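Chain F is already provided as a structure; the job is to place chain C on it using the hints.
From first to last, the protein sequence lines stand for chains F and C.
Numbering-wise (this note's numbering), the first sequence opens with residue 1130 and increments by one.
Numbering-wise (this note's numbering), the second sequence opens with residue 39 and increments by one.
Don't take each hint at face value.
Calculated pairs, DSS-like style, for lysine-lysine (alpha carbon to alpha carbon, straight line, at most 25 Å) [claimed, not checked]:
| # | chain 1 | residue 1 | chain 2 | residue 2 |
| --- | --- | --- | --- | --- |
| 1 | F | K1253 | C | K52 |
| 2 | F | K1212 | F | K1253 |
| 3 | C | K118 | F | K1344 |
| 4 | C | K52 | F | K1289 |
| 5 | C | K52 | F | K1156 |
| 6 | C | K118 | F | K1268 |
So the derived list for chain C, only partly shown, Cβ under 7 Å to chain F, looks like this [stated by the list, open to error]:
| # | residue |
| --- | --- |
| 7 | N94 |
| 8 | P96 |
| 9 | A122 |
| 10 | S125 |
| 11 | N129 |
| 12 | L131 |
| 13 | D133 |
| 14 | L134 |
| 15 | H143 |
| 16 | V146 |
| 17 | L189 |
| 18 | L255 |
| 19 | M298 |
| 20 | E299 |
Hints are computed from structural coordinates only; laboratory data are not their basis.
Remember, it's a predicted structure, so these values are computed and weren't measured experimentally.
Every residue, glycine too, gets a C-beta built ideally from N, C-alpha and C.
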Amino acid sequence: MKLIIFAGPPTCGKTTVIRQVIRRMLKKGHKPAYLKIDVLYADEDKIIGAEFNIPARKLYSGELCPDHCNVVVMDEAVEWAEKSGSDFLFVETAGLCLRCSPYIENSLGVVVLEATSGMNLPYKIGPMLTLADIAVITKIDLISQAEREVFRYRVIEAAKEITVVESNALYGIGIDPIIRHIERSSEIEQPMFLRGNPPVGTCTICVGKKEIGAKNHFGVLRTLEHDLFYIGE
Amino acid sequence: MEIRTIGVMGGCGKTGEPEKVERFELKMGDIISIVGPTGCGKTTLINDIELFANRNTPSNRLVLINGEPISDDFTFDPRKHPIALISQHTNFLSDLPVGEFLKIHSKVRGGDNPERLIGETLEFANQLTGEAIIVTTGMTELSGGQTRSLLIADAVIIGNSPIILLDEIENAGIHRTKALELLKQYNKIFVFVTHDPHIALLSDFRIIMRNGSMEKLICTNQEERRVAGNLGKIDNLMLNFRGLIRSGQEISERMMTEQMEILNQTT
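Next comes chain F alone, as it looks inside the complex (with noise of 0.2 Å):
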């Protein structure tokens, strides 16, 4: 099984590149399955699972931080993937949260981010972008060159190992370098570890327990089937 986790801010065109990526990879004889994580509202499940008749299942995060929902609930995401014959599972993160990052050891990591979004977002997004594998960046259809290649510029700035696929996701132009990424990266390890250190605060993951799965944790906390429960004293 082969993880991808997709991150980045509401409306950078995630979904969008999703499609495209599923749709080559089915193409190719891949058989991929997809998980929304979102927080109030999602309908992408629906929207893939018709589209490409592929396993997909949302999940709403609710009264729990998003990335902490993916944290807890990821073992039990990636055992319903295996169940459904997939060998590829695609995850669309909430990309909310700008000190936590949604990435898992062995996963690969892609945040998406739009062109239009001003020079500045690659410094304001910390680790959603710096453990990041790959930077796509979207919408480049919608500014020029020289601002395209000056915002590459400060992504890599901000993410010095990162690799950079510029795409015009609308269209299907630059999603194959995605595509390739995809093919080549590795199968997921069991026990399955949280990329990156969380910022300091009160709930296990963010003290610093990275292991994957609810029942390494206590506090609040859900399963993929069960909502919020609470285990502790």
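Chain C only, in chain F's frame:
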């Protein structure tokens, strides 16, 4: 990699039928135009060139560099991207002052003397604009014409790209004959998407687009070149009137007669 020629092999139009122009090739110093009604796919064609389309865009075209296709894996060092595309955008979205933006861009492009490059760029741009661009102005505050002028100057001087694609430079009210004159001093490939007959006839050849497809390729002949000269004079007449009106003068029939006389003397 040194670029000597760039070629385009046809794909298909909006209906999926193969393009009638199967192939064209450009070498350094060539100026060509892409013409056709709005929505016929002119911008898509230059976008394909800019992206080094490898049968992987909706048009299914293939772009050749020095006669060879570019491998899927190959990407240019973005600092040395050989193609500059001046899109139809007439506003910047960058929240930076002009000087700061140009400084970063010349750094990205590996220019060794940013101060000199910025000076040259502004000098070039300000020959095309009505009112001069000031280095401390925010990029987003520039007018449409200033934005377009700065983009052209940036591509030629800071980008120093050997291939420059210009999408409808006649829009946005810049001095287009002056722009063409300045651009011709550089030994580069220029591709104009244009509705302007003067620019089209000053090109070495023009591609006629229809329904997403390259329909026809016409090389400019001697007679057309003479017509281009006359169109240039009519252009100048229009520019002279523009200048008079911009400077706040009232226009008289006598001015028109004078201008027509100048025009007739020279044709």
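To see whether the hints hold, each was checked on the structure:
1. Taking the CA atoms of F:K1253 and C:K52, the gap is about 41 Å. The hint is violated against a cut of 25 Å.
2. With a CA separation close to 39 Å, the supplied pair F:K1212 and F:K1253 exceeds the 25 Å bound.
3. Our distance criterion of 25 Å between C-alpha atoms is broken by C:K118 and F:K1344, whose separation comes to about 51 Å.
4. Between C:K52 and F:K1289 the CA atoms are separated by roughly 41 Å; this puts the pair beyond 25 Å, and the hint is violated.
5. Simply put, C:K52 and F:K1156 have alpha-carbon atoms about 22 Å apart, close enough for the 25 Å limit, and the pair holds.
6. With a CA separation close to 22 Å, the supplied pair C:K118 and F:K1268 stays within the 25 Å bound.
7. At about 6 Å, the closest approach between the beta carbon of C:N94 and any beta carbon in chain F falls short of 7 Å, and the interface hint on this residue holds.
8. For C:P96, the interface hint holds, since its Cβ comes within 7 Å of a Cβ in chain F; the closest pair sits about 6 Å apart.
9. Here the hint on C:A122 is kept, as its CB sits about 6 Å from the closest CB of chain F, short of 7 Å.
10. Among the interface hints, the one on C:S125 holds; its C-beta lies about 6 Å from the nearest C-beta in chain F, closer than the 7 Å criterion.
11. For C:N129, the interface hint is violated, since its Cβ never comes within 7 Å of a Cβ in chain F; the closest pair sits about 9 Å apart.
12. Using the Cβ-Cβ criterion of 7 Å, the hint placing C:L131 at the interface with chain F is satisfied: the shortest such distance is roughly 5 Å.
13. Here the hint on C:D133 is kept, as its CB sits about 5 Å from the closest CB of chain F, short of 7 Å.
14. The criterion of a C-beta within 7 Å of any C-beta in chain F is met by C:L134, whose closest approach is roughly 5 Å, and the hint holds.
15. Evaluation of the C:H143 hint against chain F yields a held restraint, the C-beta minimum of about 5 Å falling below 7 Å.
16. For C:V146, the suggested interface contact is upheld, since its CB lies about 5 Å from the closest CB of chain F, less than 7 Å.
17. Hint on C:L189 holds. Least Cβ distance to chain F is approximately 6 Å, under the 7 Å limit.
18. The criterion of a C-beta within 7 Å of any C-beta in chain F is not met by C:L255, whose closest approach is roughly 25 Å, and the hint is violated.
19. This hint is violated: C:M298 has a C-beta 40 Å from the nearest C-beta of chain F, more than the 7 Å allowed.
20. Taken as an interface hint, C:E299 does not check out: its beta carbon lies about 43 Å from the nearest beta carbon of chain F, beyond 7 Å.
In the structure shown, a violation is registered for the earlier hints numbered 1, 2, 3, 4, 11, 18, 19 and 20, in ascending order.
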